[in-house]
Amino acid sequence: DSGVTQTPKHLITATGQRVTLRCSPRSGDLSVYWYQQSLDQGLQFLIQYYNGEERAKGNILERFSAQQFPDLHSELNLSSLELGDSALYFCASSVEPRNRGGGNTIYFGEGSWLTVV
Amino acid sequence: SQQGEEDPQALSIQEGENATMNCSYKTSINNLQWYRQNSGRGLVHLILIRSNEREKHSGRLRVTLDTSKKSSSLLITASRAADTASYFCATWGNRDDKIIFGKGTRLHILP
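Protein chains in written order, with our numbering: chain A, 1 to 117; chain B, 1 to 111.
Since the hints were derived computationally from the structure, they do not count as laboratory data.
Among the hints, erroneous ones may be present.
[Claimed, not checked] Result set (EDC-like, lysine to aspartate or glutamate): computed pairs, CA atoms no more than 16 Å apart in a straight line: (1) K98(B) <-> E53(A); (2) K98(B) <-> E54(A); (3) K103(B) <-> E53(A).
[What the hints assert, rightly or not] With beta-carbon atoms standing in for the labels, derived distance ranges: (4) Q67(A) <-> G16(B): 46 to 56 Å; (5) N38(B) <-> P8(A): 12 to 22 Å; (6) H57(B) <-> E96(A): 18 to 28 Å; (7) D71(A) <-> H45(B): 16 to 26 Å.
If you're wondering where the values come from, they're calculated on a predicted model, not measured in any experiment.
All C-beta atoms in this analysis are idealised placements derived from N, C-alpha and C, irrespective of residue type, glycine included.
Could you put together the complete structure from these sequences and hints?
This is how it looks when you write it as structure tokens:
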């Protein structure tokens with residue numbers, strides 16, 4: 001158990017709908033990362049937050065948005081869903097966003113399986 | 001663009017043999033990490049090697065890093081059935097906070 005909690009574990013929804021994925025980081029971790037994993041695209045970095053603020057952005061579509069709340073949990077909102085958005089969405093967390101010489105490990109949740117039909 | 005690229009994409013070996021996977025990356029890094037993913041599960045951190053280190057060991061794992069060639073290798077010795085998984089390298093650059101993963105090597109240990 002990594003200590004990172006993601007809900008829901010599985011989600012089936014129709015095209016055009018909107019869903020929200022939730023992530024609780026490990027206790028004490030200030031940084032949250034979101035990744036999308038699909039068969040053809042591998043593990044794609046979407047976005048990262050540190051202590052409530054956006055720190056880095058990857059290949060995140062404009063239909064997707066995220067935020068990190070004061071209690072450090074994070075939500076990834078996916079709207080106007082398309083069939084191609086079906087994937088496993090991972091949240092990960094770490095203590096700090098940047099390596100300060102000691103190296104930082106990021107810890108992954110078990111993911112949220114999204115199926116768009 | 002993808003930072004880390006693992007090679008080979010897939011590898012099947014007999015139980016007890018050693019498995020070697022390679023990772024190449026493009027830009028300067030602060031550290032490189034290896035992760036394992038069992039099918040449909042989250043990624044599990046295996047080992048981290050810093051840019052000023054050349055080799056690191058953890059149990060049956062041995063990681064090397066060659067910053068001049070921008071490459072790393074992961075060696076799993078005396079493989080077991082439980083080692084069947086996908087293995088990813090991840091790099092954390094010097095200039096930004098993104099941790100970028102390669103597409104992974106799918107390792108299958110044959111009984």
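Each hint, compared with the structure:
Between the alpha carbons of K98(B) and E53(A) the distance comes to roughly 14 Å, so the proposed pair stays at or under 16 Å and holds. Taking the CA atoms of K98(B) and E54(A), the gap is near 12 Å; set against the 16 Å cutoff, the hint holds. The suggested pairing of K103(B) with E53(A) is violated, with an alpha-carbon distance near 28 Å, which exceeds 16 Å. At about 49 Å, the CB distance of Q67(A) to G16(B) agrees with the hint of 46 to 56 Å.
One distance hint, 12 to 22 Å for the beta-carbon pair N38(B) and P8(A), holds here, with the actual separation near 20 Å. Evaluation of the 18 to 28 Å hint for H57(B) and E96(A) yields a pass: the beta carbon distance comes to about 26 Å. In this structure the supplied range 16 to 26 Å holds for D71(A) paired with H45(B), their Cβ-Cβ distance being about 25 Å.
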